[in-house]
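Work out the full structure, taking the sequences as your base and the hints as a guide.
Protein chains: 2
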Amino acid sequence: MIRVLCQQLAPVLGDAEANRALSLGAIRDGVRAGADVVVLPELVTSGYMFQSADEAAALALTPDDELFAAWAAEAERGGALVIGGFPERGGDGRVYNSAVLLDGTGVLGVYRKCHLWEREKLWFTPGAEPPRVFDTRHGRIGVLVCYDLEFPEMTRLLGLAGAELIAVPTNWPRVPRPAGEHWPEVGIAMAAARVNRVYIACCDRAGRERGQEWNQGTSIISPDGWILDAQPDLGSAGAEVDLRLTHEKAYTGLADAFGDRRPELYGAVSSPSGVSPTV
Amino acid sequence: MIRVLCQQLAPVLGDAEANRALSLGAIRDGVRAGADVVVLPELVTSGYMFQSADEAAALALTPDDELFAAWAAEAERGGALVIGGFPERGGDGRVYNSAVLLDGTGVLGVYRKCHLWEREKLWFTPGAEPPRVFDTRHGRIGVLVCYDLEFPEMTRLLGLAGAELIAVPTNWPRVPRPAGEHWPEVGIAMAAARVNRVYIACCDRAGRERGQEWNQGTSIISPDGWILDAQPDLGSAGAEVDLRLTHEKAYTGLADAFGDRRPELYGAVSSPSGVSPTV
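Going down the list, the protein sequences come from chains G and F. Take the first sequence: its position 261, counting from 1, is numbered 261 in my numbering, and each next residue is one higher. Take the second sequence: its position 202, counting from 1, is numbered 202 in my numbering, and each next residue is one higher.
It should be emphasised that the hints constitute simulated quantities derived from the structure, not laboratory data. Heads up, a few of these hints could be off.
From the structure, some residues in chain G lie toward chain F, with a derived Cβ separation under 10 Å [as the list claims (entries may be wrong)]:
id, residue
1, C114
2, W117
3, E120
4, P126
5, L157
6, I227
7, A255
8, A257
9, R262
10, L265
11, G267
Calculated cross-link-like contacts (lysine to any residue; reagent style SDA-like; alpha-carbon spacing at most 25 Å) [as the list claims (entries may be wrong)]:
id, chain 1, residue 1, chain 2, residue 2
12, F, K121, F, R89
13, F, K121, F, Q51
14, F, K121, G, Y251
15, G, K121, F, E264
16, F, K249, G, R119
17, F, K121, F, D92
18, G, K121, G, E213
19, F, K121, G, D256
20, G, K121, G, E209
21, G, K249, F, P178
Owing to the predicted nature of the structure, the values given are computational and were not obtained by experimental measurement. No residue lacks a Cβ here, since even glycine has one placed at the ideal position from N, Cα and C.
As structure tokens, this is what we get:
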């Protein structure tokens, strides 16, 4: 069993120092609370509501930035993993909406968001690589960022690649929902967790930034698709999870979430013209 | 605007005559209530809880069975479409878990369930063709059957192929759910509707059959992923739907549910070995 903890924070747009203190404190608090995996929001080092590419670029970091060494030092106190979002300056000079995964030994990997939401397209370059599964001290962890989650191909890809936990730093701008319903992105995560039999930990943000509010929808979801813990306000959501449960894709001896797939029929997913549109 | 109506019925296992009367009455009632599209449950002509392949085969029908001509005659009274499930005897002598789509002119098409749930594998042959979109008098309609829905590739395929409405005859055996949550299959349908911007109409069944109860989860879901109407008991769920809403896949001028896809990155979905499992 490991303890997964999401820290729903309120970063301050453009204030790298404030966000440094915020993120370090959140990791420290999480580790003290016994977390093995600490998930932070998307773009936690910078804030989200940029108004220009220059503004985003000015806050971009490389994965060897001293900030991540400081995150790693905090993680090391509890042997924890940390996943959190940041604007990344690539070796190519471009700026990506990325998430770093690290432990006390340093950065284990960086994932660049493949599906950029809305005006992010004006200041970020989309990732060119599909998501990977990182084999860590605390399990096989896939990383997506926010809008990626709304493409079921992405969660399926990670599920098939053996992910036990998908960590999703996110900034979900506030959207409408009917009374009694989950945030739509949470519902999508619940469905993805269930059909892929994986844990999904979505870490949203709080606060108000240039007038924008957020769903504050942080949720940790079981392989059955149910919410283990959620956090509607500033603060954390945490759950003890048994990653071995994700190894069992069979529902019964005669039904299997993965074994029952018919990939030979799914080719048209990437080429819809291959599907006869009429009777 | 068209009116979609699902009839959550309680077929009688093995009693073709009773089920004939039940299905004809349900179509008649639906058409009288103004339905343009009437969806009936999976295997509505036969019941579900077979104990042998012989039992299923004995109830299998061909699409030119007189029953479907009778369905078509009822449909014709209101210019309606009907989608409903039946055990199909194929030209190859095999038995399929199928759904027929018909209107007053007769059978427009048959879809054979591609993903067989559990013991269905003991008496049915899985469909060999991916689902299609049928261009009908009441819109572009895709048909799936029950467990198919739990494979997001299937709903994606129909969405990309231009489906406006996905009709899903189903028999959902009763499963656990936490208080306040939707049935898991309904949650999966809600997520699929939202990410594909399509309507989904799931028609479940009621009653008890050889000790088995059902979710009774009939639900009609909007392209935003919300439930327009549901039926927890015997009876119907109905909604007026504007199929044109499904033509708009854009969320904003800078975000598009389909245009933002990255199919060049999804290849690994069908070949997980293509994904690096470690950092």
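Task: Restraint satisfaction for W117/G [CB to CB of chain F, less than 10 Å] - done: 6 Å, holds
Open item on the list: Please check whether L157/G passes as an interface residue: C-beta within 10 Å of a C-beta belonging to chain F.
Closed with: With a minimum Cβ separation of about 5 Å from chain F (threshold 10 Å), the hint on L157/G holds.
Open item on the list: What's the verdict on K121/F and R89/F, does the C-alpha distance respect the 25 Å limit or exceed it?
Closed with: 15 Å, holds
- [ ] With a cut-off of 25 Å on the C-alpha distance, tell me whether K249/G and P178/F pass.
- [x] Distance of about 21 Å is within 25 Å: holds.
Task: Evaluation of the interface hint that places I227/G against chain F, nearest CB under 10 Å - done: 8 Å, holds
- [ ] Grab the minimum C-beta distance from G267/G to chain F and call the hint holds if it beats 10 Å, violated otherwise.
- [x] 8 Å, holds
Task: Restraint check for K121/F with D256/G, where alpha carbons must lie at most 25 Å apart - done: Holds, at roughly 12 Å.
Task: Interface hint for A257/G, Cβ within 10 Å of any Cβ on chain F - done: 7 Å, holds
Open item on the list: C114/G was flagged as interface toward chain F. Is the shortest Cβ-Cβ separation under 10 Å?
Closed with: Holds, about 5 Å.
TODO: Sort out whether R119/G lies within 25 Å of K249/F, counting only the CA atoms.
DONE: 17 Å, holds
Open item on the list: Just to be careful, I want the Cα atoms of K121/G and E209/G compared with a cutoff of 25 Å; is the pair within it?
Closed with: With a Cα-Cα distance of about 19 Å, the restraint between K121/G and E209/G holds, given a limit of 25 Å.
Task: Hint validity - P126/G Cβ closer than 10 Å to any chain F Cβ - done: Result: holds, 7 Å to nearest chain F Cβ.
Figure legend: structure checked against the earlier numbered hints; every hint is met.
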